[in-house]
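Novice: In the order they appear, the protein sequences are chains A and B.
Residue numbers for the first sequence follow this note's numbering, so the first one is 145 and each next one is one higher.
Residue numbers for the second sequence follow this note's numbering, so the first one is 413 and each next one is one higher.
In case anyone wonders, no lab produced these hints; they're calculated from the structure.
Ideal Cβ positions, reconstructed from N, Cα and C, are used throughout, including at glycine.
Be aware that one or more of the hints could be misleading.
Claimed, not checked - With a Cα cut of at most 20 Å, we get these calculated DMTMM-like pairs of lysine to aspartate or glutamate:
(1) B/K507 with A/D308
(2) A/K213 with A/E252
(3) B/K450 with B/E508
(4) A/K205 with A/E333
(5) B/K437 with A/D219
(6) B/K437 with A/E222
(7) B/K446 with A/E218
(8) B/K507 with A/E310
(9) B/K437 with A/E218
Stated by the list, open to error - Quick list of simulated restraints, FRET-style, between CB atoms:
(10) B/K450 with A/C266: 21 to 31 Å
(11) B/K507 with A/R170: 41 to 51 Å
(12) B/H418 with A/E171: 18 to 28 Å
(13) A/L233 with B/D515: 41 to 51 Å
(14) A/E171 with B/G470: 41 to 51 Å
(15) B/P514 with A/R170: 38 to 48 Å
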Amino acid sequence: MSEHEHKPAPMVEEVSDFEILEMAVRELAIAKGLFSAEDHRIWTEYVHSLGPTPAAHLVAKAWLDPEFKKLAVEDGVEASKAVGVDWVLSPPTQFGTPSDYCNLRVLEDTQTVKHVVVCTLCSCYPRPVLGQSPEWYRTPNYRRRLVRWPRQVLTEFGLQLPSDVEIRVADSNQKTRYMVLPVRPEGTEGWTEDQLAEIVTRDCLIGVAVPKPGVTSNVKWNVHKAVHPVEHH
Amino acid sequence: MSKQHHDRNHHASIATGVGDPQCFKGKAGAPQFKAGDKVRIKDLPDLFYTRCQVYARGAVGTVTQLVYESPAAEDEAWDNTDAPEWFYSVVFPQKELWPEYPDEFSNDTLETEFSERWLEPA
Numbered sequence: 145m146s147e148h149e150h151k152p153a154p155m156v157e158e159v160s161d162f163e164i165l166e167m168a169v170r171e172l173a174i175a176k177g178l179f180s181a182e183d184h185r186i187w188t189e190y191v192h193s194l195g196p197t198p199a200a201h202l203v204a205k206a207w208l209d210p211e212f213k214k215l216a217v218e219d220g221v222e223a224s225k226a227v228g229v230d231w232v233l234s235p236p237t238q239f240g241t242p243s244d245y246c247n248l249r250v251l252e253d254t255q256t257v258k259h260v261v262v263c264t265l266c267s268c269y270p271r272p273v274l275g276q277s278p279e280w281y282r283t284p285n286y287r288r289r290l291v292r293w294p295r296q297v298l299t300e301f302g303l304q305l306p307s308d309v310e311i312r313v314a315d316s317n318q319k320t321r322y323m324v325l326p327v328r329p330e331g332t333e334g335w336t337e338d339q340l341a342e343i344v345t346r347d348c349l350i351g352v353a354v355p356k357p358g359v360t361s362n363v364k365w366n367v368h369k370a371v372h373p374v375e376h377h
Numbered sequence: 413m414s415k416q417h418h419d420r421n422h423h424a425s426i427a428t429g430v431g432d433p434q435c436f437k438g439k440a441g442a443p444q445f446k447a448g449d450k451v452r453i454k455d456l457p458d459l460f461y462t463r464c465q466v467y468a469r470g471a472v473g474t475v476t477q478l479v480y481e482s483p484a485a486e487d488e489a490w491d492n493t494d495a496p497e498w499f500y501s502v503v504f505p506q507k508e509l510w511p512e513y514p515d516e517f518s519n520d521t522l523e524t525e526f527s528e529r530w531l532e533p534a
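Bound conformation, chain B alone (with noise of 0.2 Å):
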């Protein structure tokens, strides 16, 4: 994406009043995951920036919630906003993001959200 003008004020003038990212709502289409399917964490490239955290790629866990509609961060950190997705937050068991964690504390879960094109079906 390269634009001739850059705007500085695109945030603030979408923004102000209304909250981001209450500011992308409506903008993502349909969302393609729904509280309590089983998702896989992809480990896609992350060249620059993103926040995906490193822990999480390649585990499996259970969608809890759509949180809201924004810009990945990915694209976000380049102020980037024309392509908002849904956010789910996953819960994972702590078994499945550390094998060594101890079985006795099985129950023990970590709740985390991504963007949707960190997603696939598991």
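Bound conformation, chain A alone (with noise of 0.2 Å):
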């Protein structure tokens, strides 16, 4: 045996620098008393229950009934009510999460328009109906191809669209935070809102991918295993 194999097995494999900087700060914060630990806690564990549900259900509620499309494309924050969602009361604060504020903006799909939602800046998203983004949308890969090359970043995604349709791309820099509500697809006639909410996963919400009947779950990409993988040792 080599004399490395005896050492023990790291607890935590890796931790970033972003890490560390977090909970420096975080206990620096408690320290100064500008929030507990229990405050912590509670928040971590709301943030951890979110998830893209209730945005599914709006949408589907939204293909369901042409009213309630109308109240969430006017007004997202009172539709998503309708989901269980409380921008301002739902998150422990009162007052809305703190980087998500409470301005929700749906984004009406047509047969002719398409839209696609980034945050060039930083990562900003709908978290109070989408939960946490998926760890590409805060790539700064995406962020700055998806405003300038829409197209070819939604190829890669599977999804070509005829020039005829327009392509629009949201980039949410300030206090609005966006969902899109696609085109109910064909196939999907007579099905229930659970059906329906089935087949709008994340990335439709997001508009990278368009909802297909069978298809419940985000888009694979095909990874290519490291040639000279890191090894811990």
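Work from the hints to combine the two standalone chains into their complex.
Specialist: Right under this line is the structure:
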């Protein structure tokens, strides 16, 4: 046996600089009395309870009820209440989430307009109705390229649209948070709200995919394995 | 702006139960622009902090709607909430932002928001 195999396995494989920074700032904030460890626990649990289900149901409801669709497009915050999310009062703060604010805008796709959402400046995302953003949404690659080459990026997600469809990129740079209300696909006639919500995936709500009957998972890529993977010694 | 005593709960006290940007409703006065107006994005100095993208500066777009009132991000970053402004959603043809954008896709657009200080009539 070689020397290094006797070393104990690390408890945590990798801690990034940003995780260390977060821990340091959090501990300082608690020591200074800005918030308590209990506040932090409540907040973390709230954030981890979120997911894309409310937004998927909001879309399904809008497909089934034209009046509700009108409300969703005019006042996303009010419409969210119908799917159990109060943008102001659901978060433990009682004034929304400090980085998400309380101004949801539902972008309605048509046969000739396709919306897609990005935040070029950071990673703004409608977390109360969509949960945590996927890792790729926060990468500089997606954020820089979507505004400038939206068709190429959408093609990488498997979505190719003809030139008579207007692609409208929504860059959430201020206090509005966007979600996409896609066009209801053919082949879903007579479906219930639950059936419809199942095909409204997170990717459809960001706008990088369109709903299809039978497709209930997000876009998957072929991942090439590292030729020389990092080993933890 | 300098304050002798900094009240770090100021934002929580005005926003609790109301929401942000709702807590600034009615505080920005009369809006200078309306939906349908053509506007040019100013290229103001942005030492320290801004949320106005460099790619939009100098570009001409159309106001789609007035979205809310709020302190500009450039003020709010320093907790200065004294002078809320109207915020506008503005849509641009992609070709206006990126001259090399292909003619074949000239229908494509981009929509984003600006506080009033960044806009001038075009």
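Novice: Enumerate the violated hints, using their earlier numbering and listing them in ascending order.
Specialist: none
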